[in-house]
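> Turn these sequences into a full structure, and let the hints steer you where they fit.
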Amino acid sequence: MSRRVAVVRTGRAGSASLLAALRRCGAEPFFPENPGEVEATTFLALCGAGPFGQAMAALETAGFVEPLRTRIEYDRPTIAIGLGMHLLFETCGTLGGIAAVPGEVGQLPSPHIGWNAVEGEDATLPEGLAYFCHCMATLTEPDGWLASWADHGGPIVAAVQRGTVLGSQFHPELSGGYGERILRTWLMEWASW
Amino acid sequence: MVKKRVVPCLQVRSGRAVREVKFEGLDDPGDPKAVLLAFQAHGADEVYLDQFAGPEDDIGLFVSVLESVREELAIPMTVGAASTVDEAESWFMAGADRVSVQFDPPEGRDLLTRLVAVHGTERVVAKVSGGSAAKVVAAEAERLGAGEILLVLANGDGRDVVSPVCHAVRVPVATLGATESPQAMLAAFEAGAAAALAATVFADQVVTVADIKRRLVSLGADVRPPNDL
Chain A
658 MSRRVAVVRT GRAGSASLLA ALRRCGAEPF FPENPGEVEA TTFLALCGAG PFGQAMAALE
718 TAGFVEPLRT RIEYDRPTIA IGLGMHLLFE TCGTLGGIAA VPGEVGQLPS PHIGWNAVEG
778 EDATLPEGLA YFCHCMATLT EPDGWLASWA DHGGPIVAAV QRGTVLGSQF HPELSGGYGE
838 RILRTWLMEW ASW
Chain B
451 MVKKRVVPCL QVRSGRAVRE VKFEGLDDPG DPKAVLLAFQ AHGADEVYLD QFAGPEDDIG
511 LFVSVLESVR EELAIPMTVG AASTVDEAES WFMAGADRVS VQFDPPEGRD LLTRLVAVHG
571 TERVVAKVSG GSAAKVVAAE AERLGAGEIL LVLANGDGRD VVSPVCHAVR VPVATLGATE
631 SPQAMLAAFE AGAAAALAAT VFADQVVTVA DIKRRLVSLG ADVRPPNDL
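Sequence lines, in order, name chains A and B. Take 658 as the starting number for the first sequence in this note's numbering and just add one per residue. Take 451 as the starting number for the second sequence in this note's numbering and just add one per residue.
Accuracy of the hints is not assured; some may be wrong.
Claimed, not checked - Stretches of chain B that chain A covers, calculated by requiring three or more beta carbons in the stretch to come under 8 Å of a beta carbon on chain A:
#: 1; region: 471-485
#: 2; region: 516-522
#: 3; region: 577-589
#: 4; region: 618-630
#: 5; region: 661-671
Said to hold, decoys possible - If you anchor each label on the Cβ, the simulated ranges turn out as follows:
#: 6; chain 1: A; residue 1: Arg-661; chain 2: B; residue 2: Asp-536; range: 42 to 52 Å
#: 7; chain 1: A; residue 1: Pro-759; chain 2: B; residue 2: Leu-476; range: 44 to 54 Å
#: 8; chain 1: A; residue 1: Asp-779; chain 2: B; residue 2: Gly-642; range: 29 to 39 Å
These aren't lab readings, by the way, just hints derived from the structure by calculation. Yeah, the Cβ is synthetic: ideal placement off N, Cα and C, and Gly gets one too.
In structure tokens form, the structure reads like this:
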């Protein structure tokens, strides 16, 4: 069965990879046109590139902040990738985020670019090597969420999950077979929970 | 810790690989899409596409190659070297995950600054020529927001060139130009490089990324295994 996935973009780079990966998993990505669609559509992916403030401003202009917070509160299947995951948190420095996940995002001492092991004792994500490309990160497990971890000169959060909502610091759409397994699991298995 | 990256690099002109690859299994060893997907299947950590174009070449054709590759490529694709903001934008929209900028000329600095402001540090790579000034130039690229330094080496350049640049910046350093063998890649990694690009080896010898990675593993390098996909 083909699943339609709303893709919310906050920047121009990076979305082509995600759209292609979703299509390879048999999904039909589309761009939501109004806040109602963002809140109610079954599957939604939030991706982004560029500065945090610019991305939040784009979401606010589109009227998408509140609907995103609501759908996550109601545990609608949502995947937020890279900057998309950062936007879920409460703050990034002095900037406010969607605040669907408790905690903050901060600057890393050096960019984390390349393939690294995703690990976690309680996490529901499989362990494996995933592709990371980021300069900001969160370092603590949010209350009420399960975290997976990666080592970048110290532990950083590789993913946070609660029910069918996944925030992924790494890029499943660029992580070969490992990433595809995660996208397929999100699309096919978690949705039936 | 993050694995050292092995990144095959392909020069593309008028929709074709500038030089055909020698490894077996391809119907058309000059078709960029077929070559790049083979690199992926052989365990590449990323692919780097280098636009090799003169004024008479069809720029739109290069973008359509990127779009076509993106549909099937499930690993990162870096594309270079952009000469204008519009060109970089068209590559990002077509599926480039990162874009490189020739940083040495003054106009490269302006372009890098403008791309970082819109797309973020992690999406922009500064291509810097090796040589005595490389350390200073790389530090300047980092200061202006580059998320990685692509250090272009001359034949014979080794640790003495790579190591000072790696020590001068906190961002990852990738090497290109003199890291065409597992031994040279290992030397670059040991000097602090995060990634090694190889281009001519695939046109000169019957060798795959998997062959290179297997050798690197046997030499003790911390790379992602070639059969990880």
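> For every hint, state whether the structure bears it out.
These are the hints, each one checked on the structure:
Check result for the region 471-485 of chain B against chain A: violated, 0 residues qualifying (beta carbon to beta carbon below 8 Å, three or more required). Only residues whose C-beta sits within less than 8 Å of a C-beta in chain A count toward coverage, and the region 516-522 of chain B has 4 of them, enough to reach three; the restraint holds. Counting residues of the region 577-589 of chain B whose C-beta lies closer than 8 Å to any C-beta of chain A gives 0; at least three are required, and the coverage claim is violated. Coverage of a stretch by a chain is defined here by at least three residues with a beta carbon nearer than 8 Å to that chain's beta carbons; for the region 618-630 of chain B and chain A the count is 3, and the condition holds.
Evaluation of the coverage hint for the region 661-671 of chain B: breached, as 0 residues show C-beta separations to chain A shorter than 8 Å, against a requirement of three. Against the hinted window of 42 to 52 Å, the Cβ-Cβ separation of A/Arg-661 and B/Asp-536 comes to about 32 Å, which falls outside the hint. The hinted window of 44 to 54 Å between A/Pro-759 and B/Leu-476 holds, with their beta carbons roughly 51 Å apart. At about 35 Å, the CB distance of A/Asp-779 to B/Gly-642 agrees with the hint of 29 to 39 Å.
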